[in-house]
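Undergrad: Using the hints, position chain B against chain A.
These protein sequence lines map, in sequence, to chains A and B.
Every position in the first sequence, counted from 1, becomes a number in this note's numbering once 2 is added.
Every position in the second sequence, counted from 1, becomes a number in this note's numbering once 2 is added.
Since the hints were made in silico from the structure, they are not lab data.
Be careful, since some hints might not be right.
As the list claims (entries may be wrong) - Some, not all, of what chain B presents toward chain A, calculated at C-beta under 7 Å:
#1 Cys34
#2 Arg49
#3 Leu50
#4 Gly293
#5 Thr294
#6 Thr320
#7 Pro362
#8 Ala392
#9 Lys393
#10 Asp396
#11 Ala400
#12 Ala401
#13 Leu416
#14 Ala419
#15 Pro421
Quick caveat: nothing in here was measured; it's all calculated off a predicted structure.
Heads up, the beta-carbon is just placed ideally off N, CA and C, and yes, glycines get one too.
2 protein chains.
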Amino acid sequence: MSAASQARRRRSAEQLEIVAFERGEHTSYAACGLPYFVAGLIPEAERLVARSPEQHRAAGIVVHLRHEVVAIDTTARRVRVRDLDAGVERDEPYDELVVATGSVPLRPPLPGVDAAGVFGIQTIADGVAIDDWLRDRAPRRAVVVGGGYIGLELAEAMQHRGITTALVEQLPQPMATLDPDMGALVADAIAAIGIELHLGTGVVGFETDDTGRVRAVTTAAGELPAEVVVLGLGVRPNTTLAAAAGLPLGVRDGIVVDDRMHTPVDGVWAAGDCVVSRHRVSGDPVVIALGTHANKQGRVLGTNVTGGDLRFPGVIGTAVTRICEYEVARTGLTEREAAAAGIDAVAATIEGSTRSSYYPGAEAITVKCVVARGTGRLLGAQIVGREGAAKRIDVLAAAIWNEMTADDFSQLDLGYAPPFSPVWDPVLIAARKAADAA
Amino acid sequence: MSAASQARRRRSAEQLEIVAFERGEHTSYAACGLPYFVAGLIPEAERLVARSPEQHRAAGIVVHLRHEVVAIDTTARRVRVRDLDAGVERDEPYDELVVATGSVPLRPPLPGVDAAGVFGIQTIADGVAIDDWLRDRAPRRAVVVGGGYIGLELAEAMQHRGITTALVEQLPQPMATLDPDMGALVADAIAAIGIELHLGTGVVGFETDDTGRVRAVTTAAGELPAEVVVLGLGVRPNTTLAAAAGLPLGVRDGIVVDDRMHTPVDGVWAAGDCVVSRHRVSGDPVVIALGTHANKQGRVLGTNVTGGDLRFPGVIGTAVTRICEYEVARTGLTEREAAAAGIDAVAATIEGSTRSSYYPGAEAITVKCVVARGTGRLLGAQIVGREGAAKRIDVLAAAIWNEMTADDFSQLDLGYAPPFSPVWDPVLIAARKAADAA
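Chain A with its partners taken away, still in its complex shape (with noise of 0.2 Å):
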């Protein structure tokens, strides 16, 4: 709706007719929201709605809600529409098509994965229909599959809603997008705050009651009760369509575009979590769901779709995400991405304070960079910290995308006062180390 939106800023209503069709109930809402109104933090779940129905239609804006595109056909430009409520199809032509079909909720096919008290979160709807089961059910204990952010932001909200959470991972550590030493921390993170935390643990399937609600979920390392269990496994791009429709795929089969937005395939865009974006520090495709990009690409799609030049530059990988009183940040690439890129890199990490240290309310926090060995570019940057750690990593991001060098780095001058800073800050500590090192 980003990019209907600003095709309409574009061209008026008499110039151009935007019609949008969505399957579900819900335009333009932020889905990374959900696991705040899981915890309790936000009252309704209509407030994660950014724009209504009704507000795109006011813009000028045809949406028809409850209406799946099961068919594209490029060639004659026209999509085929089921209307769900009615239960009937019809073909609508098109002179341009925008695909932003999003991603779904990876979800294993183990046994018992569609009990009831399994859920997957990805809508409103699944959102809501969590917080009816917490209200209705008043579970004891709950189980989180899933040890990244979304994961690792469920169990956060079971935990805030009084539930005993148990959060189990596949991998040896959470937050894989993180190098194992940051990821440690983030571990430790976890059970400082209460949760039970299952790495290099496999889930096997789920257990249920003679009523058909799960009671357990078993693991490769045994049964842990659960009287509801949220899957957060992330999420892979909805390109069944696409492909189908014959639109080239690529890196995770997400959607293949140019900087435009534009597919291979004359007059049909995509942006979104269902298309491939560059990343700039590696030159990699890369498929990485979220809302910011999306809005971006949107932005760029409309732009470009109503006769203007809006290039999207790319992703660097930045990620910022809460628990608790923990905040963990990522931008660029790890040190493990980067020897899978082929880099040469070195990597240093301190700790420091997120004030001066003679400040109240100074809090613990972790910086690593990566740099280029030899060149001593900035590759990548993770934070680990307290209030005030998270959002640091802005800067890094904002050096990468710049290709500035680690040494340059840490010579910027960067706002400092007691109660936001040492006089150092430890980003620039943490490059000054990380130079030293390259």
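TA: Showing chain B alone in chain A's frame:
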């Protein structure tokens, strides 16, 4: 002492003798922490000492406290030192001289300025003197003179101690380092926390009672009762000694140095609040008294004086401060500064939210971006907001440092999660709007 420490890291005591003369009683203390000591947030003033004379001595640096250098002979390569306690003077030879005389607080020669109860604040002794006065006299009314960073921090400190506080500023806005529109927001914040603000009001003198203690501040607009007065008028480079020695002074009487921190006089180096730096955006020479610059310059100097080759890359005027729950930040050039530098600039200001609007604790933030007309290059930014606002200046500082356009900046991959930011961070929205205006 940063320079001395860096030199010592690079050269052993056998290789290089390092002697420091300090007329006070402390080394390496955080003057910027003094307002927080006065506020009662830091229990002991000694906590502001980052490295004591004993620690420096243990590292092999000879430190003479209560020793004032009263003359420099750059031809004979010696300094004249007065032992303040013994009252005797002696000559000390040098091979390389480092001038790090810092700054002196501005203290207008007004009637009554030397009365008991009228304080300046620069040294730990100053902070202790104010604290003692507040404890002993329990004043009910304070006047702080000066509406810049230090004045605001002191006004907050007095207010925090439960003293009814008035702030007097000669200019029509507080925080003259901001543009008037942003300064007005700061004025609102000051008023909101109950500090009485007198703008456009010059101080004429100080009234005393019959014991010689201050009892009021006389201003152009009338008399303000005060049992304690703190002068927070900022500082000027302490370069009388340097001038007498024939070192060339530049803007605001700062010592002229090259980017290796060497003065034009052979064997004489200088760093810290007493030197002139180069502003990377305007290209102009500036004097900015800030611990971050002093530390970085000290490191550069200490490296070069021991045969290395580092460059101080200049400054862009980044600064942050907090006044109770309000945060203020700036970097680069204001609209006013851009105009003064002869740069054709436009600005855009937006009101946003520090977190996703639906997330608890989302606070208001106002961001102003200044960009060059035509090119759209980012020249400066200003932020006023609540918790989480100020340190956002860093990503803007990194962008300005790298000469990014506002347009490119608005595409940056910054950290996003609902507890930390809306999908479009307010800094990106401000840059976007400024890019459109350019």
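Undergrad: Each hint: holds or not?
TA: These are the hints, each one checked on the structure:
1. Cys34: holds (6 Å)
2. Arg49: holds (4 Å)
3. Leu50: holds (6 Å)
4. Gly293: Holds, because the Cβ-Cβ distance from Gly293(B) to chain A comes to roughly 5 Å (cut-off 7 Å).
5. Thr294: At 4 Å from the nearest chain A Cβ, Thr294(B) passes the 7 Å test, so the hint holds.
6. Thr320: Hint on Thr320(B): holds, closest Cβ of chain A at ~5 Å, below 7 Å.
7. Pro362: holds (5 Å)
8. Ala392: holds (6 Å)
9. Lys393: holds (5 Å)
10. Asp396: It holds, given that the least Cβ distance between Asp396(B) and chain A is near 4 Å, below 7 Å.
11. Ala400: OK, holds: Ala400(B) within 7 Å of chain A, min 4 Å.
12. Ala401: holds (5 Å)
13. Leu416: Since the shortest Cβ distance to chain A is 5 Å, the answer is holds.
14. Ala419: It holds, given that the least Cβ distance between Ala419(B) and chain A is near 5 Å, below 7 Å.
15. Pro421: Since the shortest Cβ distance to chain A is 5 Å, the answer is holds.
Going through the hint list in order, the structure satisfies each hint without exception.
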